[in-house]
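J.: What follows is each chain in one-letter form.
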Amino acid sequence: MNPSVPPSTAEYGGDEVSAIVLDPGFSTTRAGFAGEDTPKSLIPTYYGKYSSDGQESFVFGDDIFVTPRPGLSIHNPMGRDGIVEDWDMAEKVWEYAFTSRLTGPKPGNPLQNGLNDVPEGELSTEMEGVETEEKLLSDSPLLMSEPGWNPTKAREKTIEIAMEKWGTPAFYLARNGVLAAFAAGKASALVIDIGASNISVTPVHDGMILKRGVQHSPLGGDYVSSQIRALFKSNTPQPISITPHYLISSKTAVDAGQPPQAKYRTFTPERAPDASYRTLLEERTLSEFKECVVQVWPGPNKLSAAGPNGVSNEELAKSNPGRPFEFPDGYNQVFGVDRYRVVESLFDAKAAIPDPESVFPAPTPAQTVPELIKNALNGVDVDIRPHLLANVVVTGASSLLYGFTDRLNQELMQMFPGPRVRISAPGNTAERKFGSWIGGSILASLGTFHQMWISKKEFDEHGPNIVEKRCK
Amino acid sequence: MAAADVRDMLDLPAEGQPRPHKKQKVVEKRPEGITRELFALLGERAPPIAINENRYKGRPKWMSKLRVRPWRMTPFVNGARSDGLVLRHWQRQHEPAKVPALEGSEMEIEKKEETADTASAETPQQDSMFSKYNVKARVPNRYTDEEYNRHLKSDDWTRQETDYLMDLVEEYDLRWVIIADRYDYQPHPVDTETNANALVPAKRYRTMEQMKARYYFIAASMLALEHPPSEMSEAEFELHEKMLKFDADRERSRKELAALQLNRTADEVREESILLEELKRITANEQDFITERRELYSRLEVPISVGNTTMYQSSQGLSQLLQTLLQADKSKKRRSILGPEAGAAPSPASQTPAPNAPSSTRDSRADTPNAAPAAPTNKKAAAAAAAAAANKEAQQSIRTLTPAEEAKYGVQHHDRLAPGVQFRSDRAQKLTQAKSNVQTQKLAAALAELEVPLRLVMPTERVCKEFEKLIHSVNLLLEARKVAEKVESEIRVLEAAKEERERKVKEAQEKDKPEVKSEQEDQPLPAVEATDGVENIDDAAEGGESGEKTGEVERTSHKRSASVLSNTSDKSTKRQRK
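In order, the protein sequences belong to chains A and B. Residues 1 to 472, numbered by the working numbering, are exactly what the first sequence covers, in order. Residues 1001 to 1578, numbered by the working numbering, are exactly what the second sequence covers, in order.
Just chain A, with the same shape it has in the complex (with noise of 0.2 angstroms):
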């Protein structure tokens, strides 16, 4: 087989119609053409919003890390449960996400976009019965992702924008643990994923979700990085603060454990940007940190429980060599056992570095990974539960946390030793990160699937509410 020819259509039941698939998450969107391994659009859903000459600018994609504007003030679209709350702005930032890569903005009516601007009274009359405006998706039908647990309204309210905003011919709605797992090539499988701002597992039982089983909570990455902070506050001999790239004009270098030595750049209260937009850049130094530095404990017990020959974990760990990171202002330290602490309360609630002032309260057990397993399986039926979790797929960017799948299998060989437990998590990086949106363009592509797209012709006849009787 010549690998350079691509598979005939034939061989994996594809057929293209250009479809565009998007998938919203709490920290980034994904957006591409469907057959396409990676997205092509990756951008982050936060967006940045500020005034300039008494008007409201917005700022969208990367640019926002870039330009610490005068009150630039950093909001999310999606609330912390992964539903959406703004939607005006998460219509702003979808778009974004399509129209900078994909397709291009399309021309808007002429009558507004600027250069036929004519005085007043003098509209000609020639120009009213045109229809001249063309939606932003008219030619390609849309795919989008969302979590299991979104409610119908916002379901409906999806559609409404797909369908009267960009005018897409047809549109469906797919659950992105469904997605996950036809990634993972499975119809059925547990999914596991560990996104930013959710935690989720979803039972997918034939390209369905077991509803009564999803099970999800907010211990994400940004939970992760929470923790970290408040392990920086308890740091000794000093607490360390992060600041950010931005707010340094030099430094030199320093040896460990040392205060930095940094030149900060200063900015008048009238020319800062908001908090908001210091602690999205703190966000990124953390998850640089939580990339180099955080580890899971792997197991088999948990990191406060005694080992197999008397020794606890945290001596073990302990004896492990430390990491360094180097902050952006030059401090950089070793970090030891403490490195397994910041996530250890994923599997372990008890284990939570405490902080008042976070905004995540303290978890309870039932939040930690293990038992959403369980309580997810509780809720499906009992022939399927082997069945699933020979299937467990892994996906998510924060489960990239080094030593996740190792730990994770050991819990569930600890709470199942019966059946066979098999967890299909990607090594890829990208297949990880993008798992649903690449099990969207599985399914976008496929011949079979054209017979599932919404029809703008359906939604016109039986309106918003198809999407729930479509969708299932």
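Honestly, the hints are just simulated from the structure, not real lab data. Watch out, some of these pointers could steer you wrong.
[Stated by the list, open to error] Derived DSS-like pairs: lysine-lysine, alpha-carbon spacing no greater than 30 angstroms straight-line:
hint	chain 1	residue 1	chain 2	residue 2
1	B	K1255	A	K472
2	B	K1255	A	K186
3	A	K456	B	K1136
4	B	K1153	A	K186
5	B	K1482	B	K1435
6	A	K472	B	K1212
7	B	K1442	B	K1482
8	A	K40	A	K135
9	A	K186	B	K1212
10	B	K1255	A	K211
11	B	K1255	A	K374
12	B	K1132	A	K469
13	A	K211	B	K1482
14	A	K469	B	K1435
15	B	K1482	A	K469
16	A	K472	B	K1136
17	A	K233	A	K318
18	B	K1430	A	K456
[Unchecked claim] Now the in silico label distances, taken between C-beta atoms and shown as ranges:
hint	chain 1	residue 1	chain 2	residue 2	range
19	A	H462	B	D1249	34 to 44 angstroms
20	B	S1233	A	P426	47 to 57 angstroms
21	A	P354	B	K1242	37 to 47 angstroms
22	B	R1142	A	K92	47 to 57 angstroms
23	B	L1225	A	K472	29 to 39 angstroms
All figures in this text were calculated on a predicted structure; none of them were measured in a lab. Even glycine gets a Cβ: it sits at the ideal position worked out from N, Cα and C.
Use these hints to put chain B onto chain A, whose structure you have.
T.: Leaving out everything else, chain B in the frame of chain A:
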């Protein structure tokens, strides 16, 4: 670069004269595409080489004649959709049947194509090839009101809820896991808003088993209504039976068990796996034991080879055998690998020191004279030395055992060994088999009386000996009884004869008849002949007892048949005794 240059570079001594082969080599055909110098470097017997021409290949000629086939974005509809949604995908344009020869006509055809394209773009006639995959699960026909009221009424299920269930089943194509997950029946969906204060019956939680039971009942009933069971096809009838036999309680208990099985603790799982392992081991052992035993028995049944070995018993014969073996060996091995002296030296006897070990008594004695002189010539001196050392050690270690030790180690001395392998138990078994059936039965009866099993449980040497003794004494006993019976019967016969004689004397005194006399002469004859067979003694005794004098002669002439009948006659005598 010629070979001489390479030599020069590598400081190899140049060859004295130009090689005479060189010209010949040139004559050897040089493959195309390889330079002469390169070919000269390859020496004799060059491996086959693929020659890659460093040249742009281009397209095959026939390809340039083809036209690029155009792809078009074509609209299509999927037959599985009811709303006629038109989607567009790229598709290869259909080629005209033959390639036009003239340029002018090509232009025309292109124009035609274009018009065809525009036509097809407006009316998408083409149906998607995937619509055929739109299959639905077969669900039973819907009941009418009348049918429902007559056949399908249930106390547990309202009509509305049944409808809801049937809708759900159809919607989810009988995927029960999903149906049970999505089942959410509101008893009064219309009324909830109008009278929210009214008492709404508590929402009932339906288990999957309840739903299945209801659905199968309805499906089976509908099937039966459509075709009465007598008219159903086989598949239909089977389905009907299966659906009727659905037992919700059993299913529920099965699921409970499955949940238990799923939620076992680690210890239980470990224990189970250990037990399973043990079971596997036991069955495997049993299997092994059986096969081994079978093999042993089959080996015993193989006839002992009776080939003539006399020609190998002399040293001459043995050396001849060795020579033939070596010849066979040599022809197999290549001479180049084996050295000249190595080819002759190794003899099977000297290479394998095993027969030298004293454990096998008879063979080693025959072999040692051969092996000892062969050892020094052996190339593998180390092996030979080791063998010799082992020999010495073995000789030193030979010591006489005391009788107690012999018994302890189970050493036995045989005067004469029977050829082949046999079981000790078999030998013991043979003892219980007498020449005749009757004797065997008697032996068995005696053993049974003594509560000794016929087949020994633990046939050790001592037990076998004891058994032998026992059998011997039983035989003696039987013999003695036989003799005793014989004597007894003889006494009886003689007494009877005596009586007869006395009576005859009396009669003779009265009548004096000659016929009786002949009978009298016949009488002792059976008694004498009966001595060689056990049965005949019995017979004789019988004869003596009952005084059947007339059949006696006949019986002696048919010994075999008499012996068969002896059992029954035995019984009859016993009865008589009683």
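J.: Compare the structure with each hint and give your call.
T.: Now for the hints, and whether the structure bears them out:
no. : hint                                    : in the structure
1   : B:K1255 with A:K472                     : holds, 27 angstroms
2   : B:K1255 with A:K186                     : holds, 25 angstroms
3   : A:K456 with B:K1136                     : holds, 24 angstroms
4   : B:K1153 with A:K186                     : violated, 41 angstroms
5   : B:K1482 with B:K1435                    : holds, 15 angstroms
6   : A:K472 with B:K1212                     : holds, 21 angstroms
7   : B:K1442 with B:K1482                    : holds, 12 angstroms
8   : A:K40 with A:K135                       : holds, 21 angstroms
9   : A:K186 with B:K1212                     : holds, 27 angstroms
10  : B:K1255 with A:K211                     : holds, 20 angstroms
11  : B:K1255 with A:K374                     : holds, 18 angstroms
12  : B:K1132 with A:K469                     : holds, 23 angstroms
13  : A:K211 with B:K1482                     : violated, 95 angstroms
14  : A:K469 with B:K1435                     : violated, 95 angstroms
15  : B:K1482 with A:K469                     : violated, 104 angstroms
16  : A:K472 with B:K1136                     : holds, 16 angstroms
17  : A:K233 with A:K318                      : holds, 20 angstroms
18  : B:K1430 with A:K456                     : violated, 98 angstroms
19  : A:H462 with B:D1249: 34 to 44 angstroms : holds, 42 angstroms
20  : B:S1233 with A:P426: 47 to 57 angstroms : holds, 49 angstroms
21  : A:P354 with B:K1242: 37 to 47 angstroms : violated, 60 angstroms
22  : B:R1142 with A:K92: 47 to 57 angstroms  : holds, 48 angstroms
23  : B:L1225 with A:K472: 29 to 39 angstroms : holds, 31 angstroms
Of the numbered hints listed earlier, those contradicted by the structure are 4, 13, 14, 15, 18 and 21.
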